[in-house]
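S.K.: Each protein sequence line maps, in turn, to chains A and B. Heads up: the first sequence begins at 1 in our numbering, then just goes up one per residue. Heads up: the second sequence begins at 333 in our numbering, then just goes up one per residue.
Simulated from the structure, these hints should not be mistaken for lab results. C-beta atoms are modelled at their ideal positions from N, C-alpha and C, and glycine is treated no differently. A couple of the hints might just be wrong.
Said to hold, decoys possible - Sample of chain A residues lacking proximity to chain B, with all beta carbon distances greater than 10 Å (derived):
| id | residue |
| --- | --- |
| 1 | K17 |
| 2 | S246 |
| 3 | Q273 |
Said to hold, decoys possible - With a cut-off of at most 20 Å between alpha-carbon atoms, the simulated EDC-like pairs for lysine to aspartate or glutamate come out as follows:
| id | chain 1 | residue 1 | chain 2 | residue 2 |
| --- | --- | --- | --- | --- |
| 4 | A | K182 | A | D166 |
| 5 | B | K407 | A | E103 |
| 6 | B | K407 | A | D70 |
| 7 | A | K182 | A | E201 |
| 8 | B | K563 | A | E103 |
Each chain, letter by letter, is given below.
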Amino acid sequence: MRNMIEVNGLVKQYGQKRAVDKISFTIKDGEVVGFLGPNGAGKSTTMNIITGYLSASEGTILVDGLNVLDEPMDVRRRIGYLPEQPPLYLDMTVMEYLNFVYELKGAKAPREEHLNEVCEMVGIDNVSHRIIKNLSKGYKQRVGLAQALIGNPDVLILDEPTVGLDPKQIIDIRNMIKDLGKSRTVILSSHILPEIQAICERVLVINNGQIVADDTPENLSSTLSNGHRLALRILGESDDVLAALSAIEGIKNAEALEEKEPGAFDYIIEVKQNEDVRKAISQKLSEKNLPILLMKPLDLSLEDIFLKLTTEEVSEDVENNPDLSNGEEEVG
Amino acid sequence: MIAIFKRDFKSFFISPIGYILIGGFLFVMNFFFKLYNIDMAYADLSPLFSVIMVVLMFIMPLITMKLFSEEYKMKTDQLILTSPVSVNAVVLGKFLAALSMFGIILAGTLFWPVIITAFGAPDFANIIGNYVAIIFAAASFISIGLFISSLTENQIVSAFLSFAIFLLLYIMGLISQSTSIIWAKTLFDWISLFTRYQDFTRGLFSLQNIVYYLTVSIVFLFLTSRVLEKKRWS
């Protein structure tokens, strides 16, 4: 498959500060890629450079084989961009605005048909004659997305597309992006981790202007966690339980946490790579008359990965004290 | 360019600003028209154009203040500067939108020559000359205002800064009339957009001054493009 975006040695210098520090990556046609990183990591700057809003201090960018500096107009025609704050003229109606964008981009598709199609795609056909100022935040974001889709660009670049929306709106926008990604190359940025997992097939983790990881969300998770872990809640004395568990083949380490229910303790068990010890645990503990109240896998979440990749020292809290009641820590 | 022009031109009439400018300008100018031409039964419109030059100082900042400042503020410059349109085309589209807005305002005075003709014998060459000249003068005001607007995302700052510059040019004109220092007089006369208009009100269509206004316009349009281009590299 051909390369849609090739970024090579990209640097953006703001005075003394390097916002982007020698970033290189390649995105293939049709890929849906997430930029993950904290605020100020360089995600928006990178996007602004690819779209031509900013110029790079060093490095080259090719979009569909065209150099951003040499053929800026041809590159821009291939990209639909939704910046962090949707670029809306609040005093226009949705249709007036989209007509303006259509003319601005010099789109070729038959106007009325194209605009209606775009409105339908993002679900704004019912508000197309309202003034943008009066729309809810979710609808404004959809209008922003519509704007990016005008001219049928091959590449969509979406900067924090769900920031500030309510949960229902977030799900709607995510589903829309997933649909759009079926026939387009999409780059989206986020500092919300489950979002990248939900939408993207590949994630670039960016921190301090550098790429610290480039993989699928699943691979990242498995490379970084050594084996997997189980969380258990078992009724009985913790010494008895630990003794029983230590006898089981395939368990690397077992550790007792605090007493969560009367007489029942929580445990974290580290399992060796490619071992399934659940059956053995269950049998062993029932032999010893130690009832299991709860057992669930505890994969390293993207939050953990993120901390591992972006902080020098692995956070002790995340490593050792995962709270069993917190289901959101898991990789779905 | 056409898309930018259309949007910016229409935007004057989406908000009340366009109507306020037209109303305010015509109110003030017709007051002077009545004073100079009706009450005194005077057929020469030239003095009115001197007044228009002064009024331009007040209305031009209001026309140009938002042209870029508002785009920066609303971040819509991210849309415009990432669309397949050159910076020059953006600048030119906005300039023409503002100039057309002034054209609409000025068109409201076109009944003056009609009235004068009905009651007297006006000097048509002089009237046409003044209309042409005022448009070129306005173009230079607009390009200065457009340039100032490209420097700040605050419309109020943009308007005041433009006004301050126009006022400074106006004061230079006043000083040049009263000073006896030759070099200052020459310099101020050369710089002041206002002094340069005096030839036209004297009935002299000075091509040199038209070229001057045109040059000022082009220089500031060019500088505006540079400002936008430089923002990418900052």
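S.K.: Does each hint fit the structure? Answer for all of them.
M.R.: Hint check:
1. Once the 10 Å rule is applied to beta carbons, A:K17 is consistent with being away from chain B; the minimum gap is 12 Å.
2. Consistency note on A:S246: stated as away from chain B, and its beta-carbon is indeed over 10 Å from all of that chain's, at 60 Å minimum.
3. At the 10 Å boundary, the C-beta of A:Q273 stays outside the reach of chain B, the nearest C-beta of that chain being 47 Å off.
4. The suggested pairing of A:K182 with A:D166 is violated, with an alpha-carbon distance near 25 Å, which exceeds 20 Å.
5. Pair hint B:K407 plus A:E103 holds up; C-alpha atoms about 19 Å apart against a cutoff of 20 Å.
6. Distance restraint check for B:K407 and A:D70: the Cα-Cα separation of roughly 25 Å exceeds the 20 Å cut-off, and the hinted pair is therefore not satisfied.
7. Restraint check for A:K182 and A:E201: satisfied, since their Cα atoms lie roughly 11 Å apart, inside the 20 Å limit.
8. At roughly 24 Å between alpha-carbon atoms, B:K563 and A:E103 are farther apart than 20 Å, so this suggested pair is violated.
Checked against the numbered hints given earlier, this structure breaks hints 4, 6, 8; the rest are met.
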